[in-house]
Structures are given as structure tokens and as C-alpha cells.
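Trainee: Just so you know, the sequences run in chain order C and G.
Mapping the first sequence onto my numbering, position 154 (from 1) lands on 154, and the numbers just tick up by one.
If you count the second sequence from 1, you need to add 1000 to reach my numbering.
Be aware that a few hints might be false.
Claimed, not checked - Calculated pairs, DSSO-like style, for lysine-lysine (alpha carbon to alpha carbon, straight line, at most 27 Å): (1) G:K1216 x C:K192; (2) C:K82 x C:K439; (3) C:K192 x G:K1181; (4) G:K1216 x C:K359; (5) G:K1170 x G:K1216; (6) C:K373 x C:K43.
I should point out that these hints are in silico values taken from the structure, not numbers from a laboratory.
The model shown is predicted, which means the values in this text are computed figures rather than measured ones.
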Amino acid sequence: MSYHNPPTKPRLSATFDEYTMSEIRRAAATGIYDIRGGGAKRKLPHFDDLLFLGASISRYPLEGYREKCGTNVVLGSRYAKKPIELKIPITIAGMSFGSLSGPAKEALGRGATIAGTSTTTGDGGMTEEERGHSQTLVYQYLPSRYGMNPRDLRRCDAIEIVVGQGAKPGGGGMLLGQKISDRVAEMRTLPKGIDQRSASRHPDWTGPDDLEIKILELREITNWEKPIYVKVGGARPYYDTALAVKAGADVVVLDGMQGGTAATQEVFIEHVGMPTLACIRPAVQALQDLGMHRKVQLIVSGGIRNGADVAKALALGADAVSIGTAALIAIGENDPRWAAEYEALHTTAAAYDDWHEGKDPAGITTQNPELMKRVDPVAAGRRLANYLKVMALEAQTIARACGKNHVHNLEPEDLCALTIEASAMAQVPLAGTSWIPGKGGY
Amino acid sequence: MPTFDLAVTPLRDLNQALHDIAPGDNDLQFDVVNPRGHHAVASGVHAPVSIDIHGSVGYYCGGMNEEAVITVHGSAGPGVAENMMSGRITIKGDASQYAGATGCGGLLVIEGNASSRCGISMKGIDIVVRGNIGHMSAFMAQAGNLVVLGDAGEALGDSLYEARIFVRGKVESLGADCIEKEMRSEHIELLAALLAKAGISDVRPEEFSRYGSSRKLYNFNVDNAEAY
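One chain only, chain C, in its complex shape (with noise of 0.2 Å):
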């Protein structure tokens, strides 16, 4: 009698994945990195680690919808002469024009203004789009200089001077020759088609002590009227917000790796800078060792997707939060309406992360005429303003669940955390403990 010898299962490497061999192949083909836009897809300890303790007997909450919540934020009150106040805690990150079409750039401006909030311009200059309809804008101040001047400089409501992003700390910009218009190409002072790299650092300053005089030529060129932020990649946040303060920055915004970009390298998305739950307290902790707690504010982009996001960034101390992604999917991005189209690019409507390539077919990430006419500025504006209005509701609601009168009467004792994890880096207790890793119990 012959015995059967069954074969055994094929068995899959969990380290050589199928994502990470068809990533060795193509590299070997092609013999440049992947490109992507977008910020870590990966899973990474995040807000919906942390849980709302709502009020019960030992805290008394507020009426829903009928008692006053307030939702307001000024931004800018240690030096500028003119803060800015937004109606909600809720802002639009930079994205540059190049990246994004004109189109789109309007939609962001109209949502944003009706929502009573900012939007922020990008590497790439300030267009009319953005500034015709955004009723508050910040002009960010880039590595680059594309498309900086004084003009623009003089008609912007804030400066962010940006030093890095989530996606990509010490990393610089890129936008690839497909999508340099001739539009693009002139305001970029580069020519058509070719691709745009740009500097890691400032051209003109190098360390801290050189940004507190470039802080100070800002000012003195816009008679200290208007707020200076300054924006850093999370990856060491309690000395890049220190050394910020330090420069003289009216407002602090601190990006966490969740956060997106336009198109950087894949390598460098998944494996360089901090979760954005990470960043927030030694930031905080940054501020209150200087004393300068909500006098400097603080503004958390990184993966920011809806009310509960917002109430948690600030339960844990920031002034106000930043949205990039969740900003351009309230626009169209990724819409399932196209999504023959993003299979034909061999992609689907919640992936397509190939923003470089400027055939977006949503018409947001694009330069292309045909596609950009997809995108109703007025349209999607309003998708972005109700977008923008129910994540205050909801950070409202959980406000007044927890007793608060305002967003930013929410503290670190509002919370808890699921995991060890979480609860070590956003340094709440693990829930139904009081046990916070690093730290002695209450």
C-alpha cells in the first residue's frame, strides 16, 4: 500500500509580502523609486486609538445642540497686528497650485469662507483663484520661493514659513515635468515640462538663530501686521515647537506623518517623521515648559478625517487642526463616479494616490483642461463648507458630552486610550486604568 503524501501549503513570506515583491519588480524595471502623493497608508497608532469620556455623575454635560458650545479661534495674538479669527478650529493646509488645479484651488477658497475658516496657499505662489475666494489666506513661504513677492506677500492675511511636512521632514518638493504647464512654468520661473525640485532648506537661513531674523525681516516687511506660522514635519516636536517659539513665531502648525503631500517618494511617506498622535504632547509640553501655551498657537494636520479627530487634537492641546486630504476628497478626489477611470490607470477611486502624473480624473491633481473642468468650484465648495460645518458640529456634540462651554475647554482628562500604545503616545491612561506607560499612576 503507497501512503499519499499531501503537498504541503505554498507558503507566503510575511517580509517579501505581495505589495513588496511587485515593488522590487518594478524598481528593477523602471530604476526609479516609486512616486506617490498622499500621506502614510500604513496603519500607525491614531486618534481612533482614543476614546471621549463623557460626562455621567462626576461631570455634568452640557444640553446638546441648545447650550452654547463655542467653536472660535484667534490665531496670531502674540506679536501680529492683525490675528486672524476663524469661526471653526478647522483650517485648510497648504497645497500649491501645480499640484492642485485652478478649479480646485477656487473650491477650497469658497468652502473655506463659508465655513468662516482659512485656506493656505503652497509651494507654487498665490493664485487668483484662491485669493478671489478665500475670505482669509496664509501665504506660505517655502524652501522654493516659487512665485514669491512682496505683492502677494502684502495682500496674504498670514505667512506660514514652512520648514517641513509630515509626509516628507527634511525632505523637498517635487513635481514632476508632466504636470508644468505653461502656466505652472511661469509663475515657477523654470521651463515647461521639465521636473521641479526643490530645496530641502532655506536658500537664505540655517539654523534657528537665522530664522528668528528672517522672522523678523517678514514682519518688518509686512509692518507686523500679520501673523507668522511657522510649519515643521513631526519628527522632534518638542524641540522644533521650542526652537520656533524661540525664533518669534506667532503660531506653531505641527504636520504628523499621516499628513499628505503633492508627490515625494514612497520609501520616504512610510518611513521617515512621527504619527500624528505622537507629535501632539511633547508639542505641548514645548509650549508649556516656555510658558507659551495657547499665546503661541498650535495647529495639527496629519490624518485629521472628522469631529472626533478634531475634539481629540485639541482635548490633547492644539488651537486648531489642519486638513489636506480629507479637504480635497469633500472636493471630488477619489469620487467612485469615475471609477472606470481609475481602473483604467490600474488603480481604484479610494486609492489612486498618482497625483504626479496629472491625470487625475477627478480634476483636482491635474493641469490638464479637459480634466480640470470636471471639478464645479462653486460645486464642491459647498461639499467642503458642509464637510467643514459638520466636523465642528460633531466636535461640538462631544464638547457638551463632556461638560465643555468651548472645543477648547476639552483636555487630556476627557480621554482615553485603547491601546499601550496610544496611551504612551498621546500620555492618557489605558482605559479602565490609570496607567500611563512612562509615567507613575494617579
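Assemble chain G onto chain C, guided by the hints.
Mentor: This is chain G only, laid out in the frame that chain C set:
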């Protein structure tokens, strides 16, 4: 002729007065004394005014200048004429790092030497340096002209885009993608005009070499990966 003594008058008052100049104003000649290394002197000026600064200045003198004619009768710290749009800035002495950085237009004349990264990321400005320039000058320079009567340091024109570089002396080394190019008649003509504009008449354009981009880095090619 208004005179501002920065030993007694705050810098803010000087800059505010310069920013408040309106079309039709009569006071279009300003003197600044005792600058004593102050930063951001005459930055953000946007009027056809003449400003003479008697002494040396710190960082970012004449930053983002538009239309003004500024003369520093001394030396300048880092970032002089950064992001200048138009007008003219003359430094009678030496200039520190990043002179004319990201400048979009106008003319910057440095009668002494300039330090490293002169003309970094320049976007249309013309820079004329009578002396030498330091390393990494014209790094990622996009447009405009950098003219050097003396020598240039290491890695001149690294990752250069479309800016033109003219050097009369020796070049320590060229940066990635920067090559020496033929001086054709149109370049002689252009250079002669720049020298004349800078008030330089004791050198001839034919004595200069021209450098520019080989454009090999304009679109990614893995075979040039060492240069990225």
C-alpha cells in the same frame, strides 16, 4: 532729505517711513546713518526712492526690494537683496552668504567679495560681483545672470536651471550638471551691457568664461543617479 539715525531711531520707524511713500511724494532721497549691523534695513521698499546707508548692515538688507535704489556704503550681512524684484542695490564693501538669494529681478552690484551661495535659487535677478564668490554659488539658480570678475569657489552652479554664469577668474570646481559653454556674440553683448549697467569699464567681456546647465537633470534618468 530725510535722515534716519539708527543709533537713536528704531528700525521700525525707518522701514515704516519707506513703506509709506506714496506716488507723488517729494522726499525720494533718504539717508541712513549708524546702521551698526541692524538686520532688515530698508527691506520691503516698493517705491522709486534712493536710499544711502552709511555703514555696514546685518541680514536681509533691501530684502524683496521693488524699484528702490539702495547703496550700502559699507559691507552687508547674509541675504542682502534676497528675493529682490526690481531696482538696484549696490554694496560698496563685501557681502556675506546668500547675496541675492531667490532674486526675481533688478540689479545687485557687490564691489567687494561675496561669500558662499551667492545667487542661490536666483529667479531673474542680475548680480555683478567685482571680487570673488564663495562655494555653492548659483545653486539651483533658475534665471538671471551672475557675473564675477574674480574667482568662484567650489561647486559653482550645482543643479543649475536656466541662469547664466560669467566668471573672469578661475573656478574651483563646477557643481552637478553645470558645464562651461561657448561665449557667442550674443553673450558678449549681454555681458557688455551688464558691466556697463554696473558701472564697470576696466574689464572686457571677452575675458570671461560662460557656464550654464547641461540640462541632463531636467528629467529623471537613472543613469545620472549619482548627480541627484
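Trainee: Is the Cα-Cα distance between K1216 of chain G and K359 of chain C 27 Å or less?
Mentor: Holds - the C-alpha atoms of K359 of chain C and K1216 of chain G are around 25 Å apart, at most 27 Å.
Trainee: Does the structure keep K192 of chain C and K1181 of chain G at a Cα separation of 27 Å or less?
Mentor: Given that 27 Å is the threshold and the Cα spacing comes to 22 Å, the pair holds.
Trainee: Is K373 of chain C within 27 Å of K43 of chain C, Cα to Cα?
Mentor: violated (35 Å)
Trainee: Next pair to validate is K1216 of chain G with K192 of chain C; report whether the Cα-Cα distance is within 27 Å.
Mentor: Within the cut-off at roughly 15 Å; holds.
Trainee: So if I understand the rule, the pair passes when the alpha-carbon distance is 27 Å or less; does K82 of chain C with K439 of chain C pass?
Mentor: violated (41 Å)
Trainee: Holds or violated: K1170 of chain G with K1216 of chain G, Cα cutoff 27 Å?
Mentor: holds (24 Å)
This entry does not satisfy hints 2 and 6, going by the numbered hints stated previously.
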